[in-house]
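Asker: Below, each chain spelled out in residue letters.
4 protein chains.
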Amino acid sequence: MQLGMIGLGKMGGNMKRRLQGAGHEVIGYDLNPAGADVDSLGALVEQLEAPRVVWVMVPAGEPTRATVFELAELLEPGDIVVEGGNSRFSDDAANAEVLAKRGIGYVDAGVSGGVWGYDNGYALMVGGEETHVRFLKPIFDSLIPEGGYGFVHAGGVGAGHYAKMIHNGIEYGMMAAYAEGYELLEASEYIDNPAEVIKSWRGGTVVRSWLLDLLDRALDADPSLEAFQGKAQDSGEGRWTVDEAVRLGVPAHVITASLFARFASRQDDAPAMKAIQALRNQFGGHNSPER
Amino acid sequence: MQLGMIGLGKMGGNMKRRLQGAGHEVIGYDLNPAGADVDSLGALVEQLEAPRVVWVMVPAGEPTRATVFELAELLEPGDIVVEGGNSRFSDDAANAEVLAKRGIGYVDAGVSGGVWGYDNGYALMVGGEETHVRFLKPIFDSLIPEGGYGFVHAGGVGAGHYAKMIHNGIEYGMMAAYAEGYELLEASEYIDNPAEVIKSWRGGTVVRSWLLDLLDRALDADPSLEAFQGKAQDSGEGRWTVDEAVRLGVPAHVITASLFARFASRQDDAPAMKAIQALRNQFGGHNSPER
Amino acid sequence: MQLGMIGLGKMGGNMKRRLQGAGHEVIGYDLNPAGADVDSLGALVEQLEAPRVVWVMVPAGEPTRATVFELAELLEPGDIVVEGGNSRFSDDAANAEVLAKRGIGYVDAGVSGGVWGYDNGYALMVGGEETHVRFLKPIFDSLIPEGGYGFVHAGGVGAGHYAKMIHNGIEYGMMAAYAEGYELLEASEYIDNPAEVIKSWRGGTVVRSWLLDLLDRALDADPSLEAFQGKAQDSGEGRWTVDEAVRLGVPAHVITASLFARFASRQDDAPAMKAIQALRNQFGGHNSPER
Amino acid sequence: MQLGMIGLGKMGGNMKRRLQGAGHEVIGYDLNPAGADVDSLGALVEQLEAPRVVWVMVPAGEPTRATVFELAELLEPGDIVVEGGNSRFSDDAANAEVLAKRGIGYVDAGVSGGVWGYDNGYALMVGGEETHVRFLKPIFDSLIPEGGYGFVHAGGVGAGHYAKMIHNGIEYGMMAAYAEGYELLEASEYIDNPAEVIKSWRGGTVVRSWLLDLLDRALDADPSLEAFQGKAQDSGEGRWTVDEAVRLGVPAHVITASLFARFASRQDDAPAMKAIQALRNQFGGHNSPER
Numbered sequence: 090m091q092l093g094m095i096g097l098g099k100m101g102g103n104m105k106r107r108l109q110g111a112g113h114e115v116i117g118y119d120l121n122p123a124g125a126d127v128d129s130l131g132a133l134v135e136q137l138e139a140p141r142v143v144w145v146m147v148p149a150g151e152p153t154r155a156t157v158f159e160l161a162e163l164l165e166p167g168d169i170v171v172e173g174g175n176s177r178f179s180d181d182a183a184n185a186e187v188l189a190k191r192g193i194g195y196v197d198a199g200v201s202g203g204v205w206g207y208d209n210g211y212a213l214m215v216g217g218e219e220t221h222v223r224f225l226k227p228i229f230d231s232l233i234p235e236g237g238y239g240f241v242h243a244g245g246v247g248a249g250h251y252a253k254m255i256h257n258g259i260e261y262g263m264m265a266a267y268a269e270g271y272e273l274l275e276a277s278e279y280i281d282n283p284a285e286v287i288k289s290w291r292g293g294t295v296v297r298s299w300l301l302d303l304l305d306r307a308l309d310a311d312p313s314l315e316a317f318q319g320k321a322q323d324s325g326e327g328r329w330t331v332d333e334a335v336r337l338g339v340p341a342h343v344i345t346a347s348l349f350a351r352f353a354s355r356q357d358d359a360p361a362m363k364a365i366q367a368l369r370n371q372f373g374g375h376n377s378p379e380r
Numbered sequence: 090m091q092l093g094m095i096g097l098g099k100m101g102g103n104m105k106r107r108l109q110g111a112g113h114e115v116i117g118y119d120l121n122p123a124g125a126d127v128d129s130l131g132a133l134v135e136q137l138e139a140p141r142v143v144w145v146m147v148p149a150g151e152p153t154r155a156t157v158f159e160l161a162e163l164l165e166p167g168d169i170v171v172e173g174g175n176s177r178f179s180d181d182a183a184n185a186e187v188l189a190k191r192g193i194g195y196v197d198a199g200v201s202g203g204v205w206g207y208d209n210g211y212a213l214m215v216g217g218e219e220t221h222v223r224f225l226k227p228i229f230d231s232l233i234p235e236g237g238y239g240f241v242h243a244g245g246v247g248a249g250h251y252a253k254m255i256h257n258g259i260e261y262g263m264m265a266a267y268a269e270g271y272e273l274l275e276a277s278e279y280i281d282n283p284a285e286v287i288k289s290w291r292g293g294t295v296v297r298s299w300l301l302d303l304l305d306r307a308l309d310a311d312p313s314l315e316a317f318q319g320k321a322q323d324s325g326e327g328r329w330t331v332d333e334a335v336r337l338g339v340p341a342h343v344i345t346a347s348l349f350a351r352f353a354s355r356q357d358d359a360p361a362m363k364a365i366q367a368l369r370n371q372f373g374g375h376n377s378p379e380r
Numbered sequence: 090m091q092l093g094m095i096g097l098g099k100m101g102g103n104m105k106r107r108l109q110g111a112g113h114e115v116i117g118y119d120l121n122p123a124g125a126d127v128d129s130l131g132a133l134v135e136q137l138e139a140p141r142v143v144w145v146m147v148p149a150g151e152p153t154r155a156t157v158f159e160l161a162e163l164l165e166p167g168d169i170v171v172e173g174g175n176s177r178f179s180d181d182a183a184n185a186e187v188l189a190k191r192g193i194g195y196v197d198a199g200v201s202g203g204v205w206g207y208d209n210g211y212a213l214m215v216g217g218e219e220t221h222v223r224f225l226k227p228i229f230d231s232l233i234p235e236g237g238y239g240f241v242h243a244g245g246v247g248a249g250h251y252a253k254m255i256h257n258g259i260e261y262g263m264m265a266a267y268a269e270g271y272e273l274l275e276a277s278e279y280i281d282n283p284a285e286v287i288k289s290w291r292g293g294t295v296v297r298s299w300l301l302d303l304l305d306r307a308l309d310a311d312p313s314l315e316a317f318q319g320k321a322q323d324s325g326e327g328r329w330t331v332d333e334a335v336r337l338g339v340p341a342h343v344i345t346a347s348l349f350a351r352f353a354s355r356q357d358d359a360p361a362m363k364a365i366q367a368l369r370n371q372f373g374g375h376n377s378p379e380r
Numbered sequence: 090m091q092l093g094m095i096g097l098g099k100m101g102g103n104m105k106r107r108l109q110g111a112g113h114e115v116i117g118y119d120l121n122p123a124g125a126d127v128d129s130l131g132a133l134v135e136q137l138e139a140p141r142v143v144w145v146m147v148p149a150g151e152p153t154r155a156t157v158f159e160l161a162e163l164l165e166p167g168d169i170v171v172e173g174g175n176s177r178f179s180d181d182a183a184n185a186e187v188l189a190k191r192g193i194g195y196v197d198a199g200v201s202g203g204v205w206g207y208d209n210g211y212a213l214m215v216g217g218e219e220t221h222v223r224f225l226k227p228i229f230d231s232l233i234p235e236g237g238y239g240f241v242h243a244g245g246v247g248a249g250h251y252a253k254m255i256h257n258g259i260e261y262g263m264m265a266a267y268a269e270g271y272e273l274l275e276a277s278e279y280i281d282n283p284a285e286v287i288k289s290w291r292g293g294t295v296v297r298s299w300l301l302d303l304l305d306r307a308l309d310a311d312p313s314l315e316a317f318q319g320k321a322q323d324s325g326e327g328r329w330t331v332d333e334a335v336r337l338g339v340p341a342h343v344i345t346a347s348l349f350a351r352f353a354s355r356q357d358d359a360p361a362m363k364a365i366q367a368l369r370n371q372f373g374g375h376n377s378p379e380r
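Protein chains in written order, with the working numbering: chain A, 90 to 380; chain B, 90 to 380; chain C, 90 to 380; chain D, 90 to 380.
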C-alpha cells in the first residue's frame with residue numbers, strides 16, 4: 090500500500106523503514122527537511138493517490154492537534170488519518186469530529202515497541218470504525234511482530250490510545266515491582282550479588298518477562314547502575330491511568346503508588362516531609378519524637 | 090503513694106515532677122547522677138517501703154530489659170514494676186515472666202504526651218493484671234489529664250504497649266494526611282498563603298485536632314519551615330504497626346504508606362529509582378521513554 | 090446585613106437560622122416552597138436592596154451552574170453572588186466570568202461544619218476579590234465559630250473551593266488512619282476492648298481530635314458499629330484531590346490510598362482480584378500458588 | 090548422581106521424575122506410602138551411599154523443621170541436606186546449625202516453576218557454602234531450564250529462600266499491576282473486549298511476560314473469569330517481603346499495596362470501613378457526608 094508518514098523521529102522514522110522493507114510505498118514528511126521526501130503537508134497530500142492514508146507520528150498535544158486540523162483542510166472525503174502519537178485518549182474525539190465533517194476517516198493507534206520495534210515489530214492498539222481498520226490492515230500487519238500477537242482493534246475512536254494508556258500504567262506497576270525487589274536485594278545482608286539473582290530469574294521463574302531481560306541487560310552494562318540518578322521521570326500515560334482509576338472508581342493502588350514513588354524520587358526537600366519534621370519537633374525534640 | 094522512678098530524662102523527669110506536685114513521694118534514679126536521689130538501683134529499692142512500686146522509664150530494648158532483669162533480683166514478692174518506655178509489646182511477656190517467678194508484678198504502660206505532658210497530663214495505656222492496675226490507680230490518676238480521658242486498662246501484659254503502638258501508627262497516618270494536604274496547598278497556583286489556610290482550619294472544620302494546632306504553631310514560628318529538612322525520621326512504633334497489619338491480615342494501606350513515605354524521603358539516590366531509570370533508558374532513550 | 094439564601098436544605102437552612110440569630114435579614118428561596126420566603130429567584134432579587142448579596146447553597150454541578158447563570162440575568166452591577174456548595178474549584182472561573190460580564194461580583198466559599206455548624210459555627214474558606222470579600226465580612230463573621238479561627242481568604246476565584254477540597258482530602262486520610270487503627274485493635278488478641286482504648290485517646294494523646302471525639306461518640310451509641318456496613322461511600326472532593334496530586338506531581342500516597350480503600354470496600358467480586366485468582370490457578374492449583 | 094527426595098507431592102514428585110529423566114538415581118520417601126520407594130527416613134538414608142544428598146521438599150514450618158532435625162540424627166558427616174520448601178529464610182540458620190554440629194552440610198533452595206517446572210525446568214535460587222553448592226551442581230543442572238538462566242548461588246545459608254521470597258514479592262506486584270489494568274479495561278466504556286487487548290499484548294509490547302501469557306490462557310478458558318471469586322489468597326512470601334521492607338527501611342509501596350489489596354478483597358464488612366461509615370454518619374447523615 091501507499092501511505093504518508095508525518096513525523097520521522099525515532100518512532101516514525103523506524104516505522105517508515107519497516108513498512109518500506111515490507112514493500113509499502115511510504116512518503117515521509119517532517120519539520121526537519123533532512124530525510125523528508127516532501128517539504129510540506131500539502132506536497133505530501135498531493136503525492137498520495139486517493140483514498141489516501143496519512144499516519145501522524147508527532148508529539149502529543151498541540152503539534153498533533155495542529156497537524157490533524159491542517160489535514161482536515163488538505164485531505165478529501167474517503168481518506169483516512171491514523172494518529173499514532175502518545176496522545177491522551179480524550180483528544181481523539183475532537184480529532185475524529187473535525188475530520189468526519191469533511192468525510193475523512195480517523196483511527197487512533199497506540200504504538201508500543203520503542204527502539205526495538207524496527208527489528209521486533211510494533212504492538213498496535215487501534216480504535217475507530219471497522220471499515221477504516223479493515224482498510225488499514227495491510228499496513229498494520231507489516232508493523233506488528235511475527236507470531237500472531239501485537240494487534241488489537243480495541244473499540245471505537247479513542248480505544249487505541251486508551252488501551253495503550255492502560256498498557257503503560259501496567260508497565261509503571263511492573264517496573265516498580267522489579268525496582269523494589271532489586272532494592273531489597275541490594276539492601277539485604279543475605280544476598281551477595283543482586284545482579285546475578287536478577288539474571289537467574291530470566292529462566293524458569295514466574296517473574297520472567299521482557300522487562301526483566303532489559304533490567305539484566307542494563308545491569309550487565311553497569312552492575313551498580315552508576316550511570317543513573319535515582320530520580321525517575323514520568324510521562325503522561327501513568328498520570329492518565331490514575332485519572333481514569335479515580336473516574337471509574339477502580340482501586341488501582343499499585344499503579345498509583347508506582348507513579349507517586351516516581352514523583353517522590355524527584356523531590357529533594359518535600360514540603361510534606363518538612364511538615365512531618367516540624368510536627369515531630371513540636372512534640373518535644375528529636376529524641377522522643379512520637380511520644 | 091511512694092514510688093521509684095528509674096530514668097529521669099525528658100519523660101521520666103517530668104513525670105516525677107508531676108507526681109510530686111500531686112503529693113506522691115518519688116525517689117529518682119538515673120545513670121546520670123545529676124538530679125538523681127540515689128546512686129544505684131539497690132539504693133533505690135532499699136529506700137522504698139514494701140510493697141514497692143518502681144516505674145522504669147529508660148530507652149527501649151536492651152537498657153529496659155537489663156533494668157527489669159536487675160530489678161527481678163532486687164525486689165521482693167508483692168512489689169510491682171511499671172515499664173513505661175517505648176518498648177515493643179512483644180518484649181513484655183519475657184519481662185513479666187522473669188518477675189512473676191519472683192512473685193513480682195508487672196504492668197506495661199504506653200505513655201503519650203511528650204514535653205506537653207507535664208502541664209497537660211499524660212495519656213496512659215496500660216496492660217497487666219487487674220489487681221496490679223488497681224493498686225497503681227492513684228499514680229495513674231495523677232499523671233493523666235483532667236477531663237476524664239487519657240487512661241485505659243487495655244488488656245493483659247503487653248496491651249499497654251500495644252495500644253500505644255497503634256496510637257502511634259494512627260499518628261503516622263494523620264501526620265502524613267496533613268503533610269500531603271500542606272504540600273498540595275504549597276504546590277497549587279490557587280492558594281495564596283498555605284499557612285493561613287492551615288490556621289483557619291483550627292476552628293469549625295472536620296480536620297481540627299491537636300496535631301493541626303501544632304502544625305499551625307510550627308508555621309507561625311517558621312512560615313516556610315525553612316529550619317527543617319524534608320527527610321522524615323521514624324521510630325519503632327510505625328514499623329511495628331505495619332508488622333502487625335501483616336501478621337493480622339489487616340489492609341493498613343494508609344499507615345504503611347505514611348511510613349514508607351518517610352523511608353523514601355531519606356533516600357537520595359534509591360536503587361529502585363535507578364533501576365527504573367535504567368529500564369527507561371533501555372526502551373530507547375529519555376525522549377520516548379515508555380513506548 | 091441583608092442577603093438572599095438560595096437552597097434551604099440541611100446546610101443552607103441552618104446557615105440562614107444562624108445568620109438570622111446574629112441579626113442579619115435573610116430572605117430564603119428553595120425549590121421546595123415549604124420554608125421559603127419567596128417563590129422564585131426573581132422575587133428574591135426583587136426583595137433585596139442593591140447592592141445585593143445572594144448566597145447559593147444548592148447541589149454542586151448543574152443545579153449550581155443553572156442558578157448562577159440565572160442570577161446573571163436577574164442581578165445588577167455591584168451585586169455579589171456567593172457560591173457555597175460542594176463545587177469543584179474548576180467550576181468557579183466560568184461562574185465568575187458570566188457574572189463579571191454583567192458587573193456582578195463572585196465569591197466561592199467552601200463551608201465545613203455539617204449539622205454541627207449551626208451551634209458551633211461553620212468554617213469558611215473563600216476565594217475572590219479582596220473588595221468583595223471585605224464587603225461580605227459581617228456575614229462571614231456571623232457564620233464562623235468563636236475563637237478567632239475558621240475563616241480564610243485563600244486566594245482568587247476558586248481558592249475557596251480549592252482549600253475546602255484539600256481539607257476534605259486530609260479528612261479522608263485522617264479517617265482512614267483512625268479506621269485502620271481501630272481495625273487493628275479489633276483484630277488483635279492483645280486488646281480487650283477497642284472502644285475503651287479509643288475513648289481514652291480523647292485526652293492527653295497526640296491523636297486527639299474532633300474526628301476522634303465523633304468516633305468515640307459513634308462507639309458509645311453502637312459499640313460494634315453493627316448498624317454500619319463495611320462499604321464506604323465517597324463524594325467528589327477526595328477524587329478531585331487525587332486529580333490535583335496527579336496534576337501537580339505531589340506524591341499523595343496516603344490520601345489516595347484512603348480513597349481507593351473506599352472504592353475497594355464497595356466491591357464484592359472485583360475483576361482485579363478474579364484475575365489474581367485466575368493467575369494463581371494457572372501456576373498449579375490452590376495449594377502451591379506462588380511457586 | 091544419587092539422591093534422596095523427601096516429599097513427593099506436586100513439586101517433589103515432579104522434580105524426582107525430571108531428575109530421573111536426566112539419569113539421576115532418586116530414592117523417594119513420603120508420608121503417603123503410595124509412590125514412595127522406602128517406608129521411613131531411616132530406610133532412605135540406608136539406601137544412599139555416602140556422601141549422601143537428601144532433598145527435603147515438605148511443607149514449610151514444623152514439618153520441614155522436624156524432618157531436618159530427624160535427618161541430623163540419621164545422616165553422617167559429609168552428607169548434605171537440601172531444603173527446597175517454601176520456608177522463611179530466617180528458618181535456615183537453625184537448620185544449618187543443627188546439621189553443622191554433626192558435620193552435615195546444608196543448602197537452602199528456593200524453587201520456582203510450579204506445575205510447569207517438570208517440562209520447562211525449575212528456577213533455583215540457592216544459599217550455602219560454595220563447596221556444598223559445587224557438589225550439588227549436577228543435580229541443579231538437571232532441574233533448571235535450558236538456555237543458561239534459572240540458577241543462582243545467591244549467598245550463604247538463607248540466601249536461597251531469601252531470593253525466592255523477593256521473587257514472590259515482585260510477583261505479587263506484577264500480578265496486581267496486570268489485575269488493575271485488566272479491571273480498568275473492564276470498567277471503561279472505551280474498550281470493547283478486554284480479553285482481546287490482553288491477548289494482543291503478548292507480542293511486541295513492553296508488558297509481555299510469562300504471567301501475561303498465563304492471564305491470556307486463563308481468559309481463553311473463561312473469558313469473564315466467572316469461575317473465580319474476587320477474593321485473593323496469599324501465602325507467606327508476600328508477607329515476609331513486607332516484613333523485610335520494614336526492617337530494611339525500603340519503601341516498597343507497590344509490593345505492599347499488592348498484598349494489602351488481597352487482604353481487603355477477602356473482607357466483607359471490614360471494621361475499618363464500618364468506622365468510616367460511622368464517622369460519615371456523625372457528620373450529619375448520608376447526604377452531606379464530608380461537609
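Keep in mind the hints are simulated off the structure, nothing from the lab.
One thing to keep in mind: the hints can contain errors.
Copies of the same chain are indistinguishable here, so a pair counts whether it falls within one copy or spans any two.
[To be verified] Here are the simulated lysine to aspartate or glutamate pairs, EDC-like style, with alpha carbons at most 20 Å apart:
1) Lys99 with Glu135
2) Lys226 with Asp281
3) Lys320 with Asp126
4) Lys226 with Glu275
5) Lys320 with Asp357
Asker: Could you work out which earlier hints the structure fails to respect and list their numbers in ascending sequence?
Answerer: Per hint list: 1, 3, 4 violated.
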